[in-house]
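Since the structure of chain G is provided, determine the placement of chain C on it from the hints.
Residues per chain, in single letters:
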Amino acid sequence: MNLLIDGFKSAFFLILHLYPELWNIILLSLMVSGTALVAATILGLPLGAVIGLKRFRGKSIFISAMNTFMGLPPVVVGLFVYLLLSRSGPLGFMGLLYTPSAMIIAQTVLAFPIVAALCHSAVVHVDPIIRQAAATLGATPCQVTIKVIREARYGILSAIITAFGRVMAEVGAILIVGGNIAGYTRVMTTTIALETDKGNFELALALGVILLVISLVINAILHIVQRKGMMEAGR
Amino acid sequence: MIKLVAAQIAKGYNAKPVLQDCSFSFDEIGTYALMGPNGCGKSTFLRICALLEAPAGGGVEFYSGRDRLEKNIELMRKITIVLPRVGAFNASVFKNVAYGLQIRKMNHERIAEQVDRMLEAVGLAHKKDQNALTLSSGETQRLGIARAMVIEPEILFLDEPTASIDEENAGIVEGIILNLKREARTTIIITTHDRDQAARIADRVLMMHDGRIELQK
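Protein chains in written order, with our numbering: chain G, 1 to 235; chain C, 1 to 217.
Chain G extracted, bound-state conformation (with noise of 0.2 Å):
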């Protein structure tokens, strides 16, 4: 029990003094899973919208294996991304691995999966009246898909959340593709395990502590966008 209280005793310490290392690691860990989740976002929004909106032969294959990844297990993702990488791999030119590079890419297979399946579900709640209101205003098929990402945009922010919530939580494939290297690929939770490895526990624990007010953060966000999303629906 001492052990744990000296620990957030030296936590909120190493907090309070804006220890460098630990801002490091706090913004190496933002840059990483932010650019991941802008990646994920790009590709994964059109896409969740497209499958929710259009009809085609094997759509509902496509829908379950997109729901299936959304559950990637991020140890399998890491080895699959460091094979890519890797010297011998078929990107292996690129040099990427042990980089901060690989990690965004890495999370970005991660969260891609989330945002385009929980947008296509967000997409295919609008009511189709919707979209036949917009075509008959004169809308193009473009304009009409735009249309309904907008009437979406409560559920599409909280797809967006939700993968960010998971890519930052995450440890397993980033320890994998990014190395831990100190200063350069070490992020939040793989400084947690390598710490905790040592019996380092303060750099640990505040590091938890602000893992987890980031996830408190994150989850009020997506309450409050939830809760907004359903009086505008409930209306």
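I should point out that these hints are in silico values taken from the structure, not numbers from a laboratory.
Be aware that a few hints might be false.
[Said to hold, decoys possible] Calculated cross-link-like contacts (lysine-lysine; reagent style DSS-like; alpha-carbon spacing at most 30 Å):
| id | chain 1 | residue 1 | chain 2 | residue 2 |
| --- | --- | --- | --- | --- |
| 1 | C | 95 | C | 71 |
| 2 | C | 95 | C | 128 |
| 3 | C | 128 | C | 71 |
| 4 | C | 181 | C | 105 |
| 5 | G | 54 | C | 105 |
| 6 | C | 181 | C | 3 |
| 7 | C | 71 | G | 228 |
| 8 | C | 127 | C | 105 |
| 9 | C | 78 | G | 54 |
| 10 | C | 16 | C | 128 |
| 11 | C | 95 | G | 54 |
| 12 | C | 78 | C | 95 |
| 13 | G | 228 | G | 9 |
| 14 | G | 54 | C | 181 |
| 15 | C | 95 | C | 181 |
| 16 | G | 54 | C | 71 |
| 17 | C | 181 | C | 71 |
| 18 | C | 127 | G | 228 |
| 19 | C | 128 | G | 228 |
| 20 | G | 59 | C | 71 |
| 21 | C | 16 | C | 95 |
Chain C only, in chain G's frame:
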């Protein structure tokens, strides 16, 4: 003006024919009221004419003078339909009405001017900043008409615009249609059950009978 010719339209649901050899030529600007009992195919005919549904047989053609018009986005932007369920967007009343102009890339000042004028005409000016989903059913119907009228269509289809609203709102909607009729720039085709309403607003009353259209007046 755009002339609409519906020729030998056929359509059925679940092997039951609704429209059979249904033809009519809307070749003059004016207000046409299409009447008939429930389930006779009025709305189906309107949706086919508005290019929302494809007929099983026959077809709809649009002419400008003697030239047949392509059924492309240019044409779609000259005709519009207000459906019984308006489908208000989750946005302000102003943004709902502005939508049709925004997608036509009209500049902001003109949009604001046209939308304000239209909201004034349908009596929703005081609700322009309110979310459209909070409007009553009568107000939503007026919003649907404003949204359609602001794009200044050459043909405006109104599918039972007063069927599900109270008498006061129905009176307002009728007033809007009569004002539009007075401007004499738009062909209005309206479906209604109400014989008196048809007599009040229409230049021509059409009756749908056995899946066909007959001119009454």
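key: Holds or violated: residue 181/C to residue 105/C, with C-alpha atoms at most 30 Å apart   = The given pair, whose Cα atoms are some 27 Å apart, holds under the 30 Å limit.
30 Å Cα cutoff - pair residue 95/C, residue 128/C = holds, 8 Å
query = Given the proposed pairing of residue 127/C with residue 105/C, does the C-alpha separation stay at or below 30 Å?
reply = Distance of about 24 Å is within 30 Å: holds.
request  = Take a quick look at whether residue 127/C and residue 228/G sit within 30 Å of each other, Cα to Cα.
outcome  = holds, 21 Å
query = Given the hinted pair residue 16/C and residue 128/C, is their alpha-carbon gap at most 30 Å?
reply = violated, 45 Å
query = Going straight from one Cα to the other, do residue 228/G and residue 9/G come out at no more than 30 Å?
reply = violated, 38 Å
key: Hinted pair residue 181/C and residue 71/C, Cα distance within 30 Å   = holds, 26 Å
ask   = Between residue 71/C and residue 228/G, is the straight-line Cα distance small enough, at 30 Å or below?
value = violated, 40 Å
ask   = Does residue 95/C lie within 30 Å of residue 16/C when you go C-alpha to C-alpha?
value = Judged against 30 Å, a Cα distance of about 41 Å means the pair is violated.
task = Below or equal to 30 Å on CA atoms is what counts here, so check residue 128/C against residue 71/C.
result = violated, 34 Å
inquiry  = Check whether the Cα positions of residue 181/C and residue 3/C lie no farther apart than 30 Å.
reply    = With a Cα-Cα distance of about 17 Å, the restraint between residue 181/C and residue 3/C holds, given a limit of 30 Å.
ask   = Within a Cα-Cα threshold of 30 Å, do residue 54/G and residue 181/C meet the stated pairing?
value = violated, 39 Å
Hints 3, 7, 10, 13, 14 and 21 from the earlier list are contradicted by this structure; the remaining hints agree with it.
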